[in-house]
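*Asks:* So the chains spell out like this:
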Amino acid sequence: EAQVTQNPRYLITVTGKKLTVTCSQNMNHEYMSWYRQDPGLGLRQIYYSMNVEVTDKGDVPEGYKVSRKEKRNFPLILESPSPNQTSLYFCASSLGGLEQFFGPGTRLTVL
Amino acid sequence: QKEVEQDPGPLSVPEGAIVSLNCTYSNSAFQYFMWYRQYSRKGPELLMYTYSSGNKEDGRFTAQVDKSSKYISLFIRDSQPSDSATYLCAMSAVSGGSNYKLTFGKGTLLTVNP
Chain A
1 EAQVTQNPRY LITVTGKKLT VTCSQNMNHE YMSWYRQDPG LGLRQIYYSM
51 NVEVTDKGDV PEGYKVSRKE KRNFPLILES PSPNQTSLYF CASSLGGLEQ
101 FFGPGTRLTV L
Chain B
1 QKEVEQDPGP LSVPEGAIVS LNCTYSNSAF QYFMWYRQYS RKGPELLMYT
51 YSSGNKEDGR FTAQVDKSSK YISLFIRDSQ PSDSATYLCA MSAVSGGSNY
101 KLTFGKGTLL TVNP
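Protein sequences appear in the order of chains A and B. Note that my numbering numbers the first sequence so that position 93 is 93, with each residue one more than the last. Note that my numbering numbers the second sequence so that position 60 is 60, with each residue one more than the last.
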């Protein structure tokens, strides 16, 4: 089944404790992206990757890092999480167009 | 002025009603227009995708784009309780070879009552 998977789905952590949210797609898509969804603000892009080893900032990259060492994986790294990063995170992928497929989301709470 | 404006609702209709969902935008560079449906606790899923102005129909769903008015619509005919979800409009100015960033509206929560 073609899909984007994210892990973990739910995470509660404390300020400053480094964490990684994984994202994997099995559709051989070149383009991958991370969004965060917040009430009243909608979905906003954090980082994106056009292909392996090619990443760039979206609209709200502060406090996040990404890497793209393999085509299928695009992990999101929070080196020192803060409460304002409490949010619902979505990974998305696309073959090379605008029809993006979204993962199921990761709900992160930073205390 | 926000790039994309969408009435958050909530919108509640009886089963079988015609539903109209709308977004306005300010960036005249937007060329690609999409509607996503998001069920509670799920990721957005692509419903409709149109390029530039015009209409596109897919079953009970019709998407309309009026670039001159910077206004897009999604119509749902014969609405069903299974259509109850948040509907997100999304737009992009990309023509290829660059960031396929989607700019989203905040979403409209729709409930279809049996």
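No lab work stands behind these hints: they were computed from the structure. Given the structure is predicted, the values throughout are model-derived calculations rather than measurements. In this text, a Cβ means the ideal position worked out from N, Cα and C, and glycines have one as well. One thing to keep in mind: the hints can contain errors.
As the list claims (entries may be wrong) - Listed below are several chain A residues computed to face chain B (Cβ distance under 10 Å; list not exhaustive): (1) Gly16; (2) Thr20; (3) Phe102.
Stated by the list, open to error - Residues of chain A clear of chain B, computed beta-carbon distances all greater than 12 Å: (4) Val4; (5) Thr13; (6) Lys18; (7) Gly42; (8) Val110.
*Asks:* All hints are to be evaluated individually against the structure, with a verdict given for each.
*Replies:* Hint check:
1. Gly16: It is violated, given that the least Cβ distance between glycine 16(A) and chain B is near 28 Å, above 10 Å.
2. Thr20: violated, 19 Å
3. Phe102: holds, 4 Å
4. Val4: violated, 8 Å
5. Thr13: holds, 20 Å
6. Lys18: For lysine 18(A), whose nearest Cβ neighbour in chain B is about 25 Å away, the distance exceeds 12 Å, so it holds.
7. Gly42: Given that some Cβ of chain B is not farther than 12 Å from that of glycine 42(A), nearest at about 4 Å, it is violated.
8. Val110: holds, 20 Å
The structure is inconsistent with the numbered hints 1, 2, 4, 7, although it conforms to all the rest.
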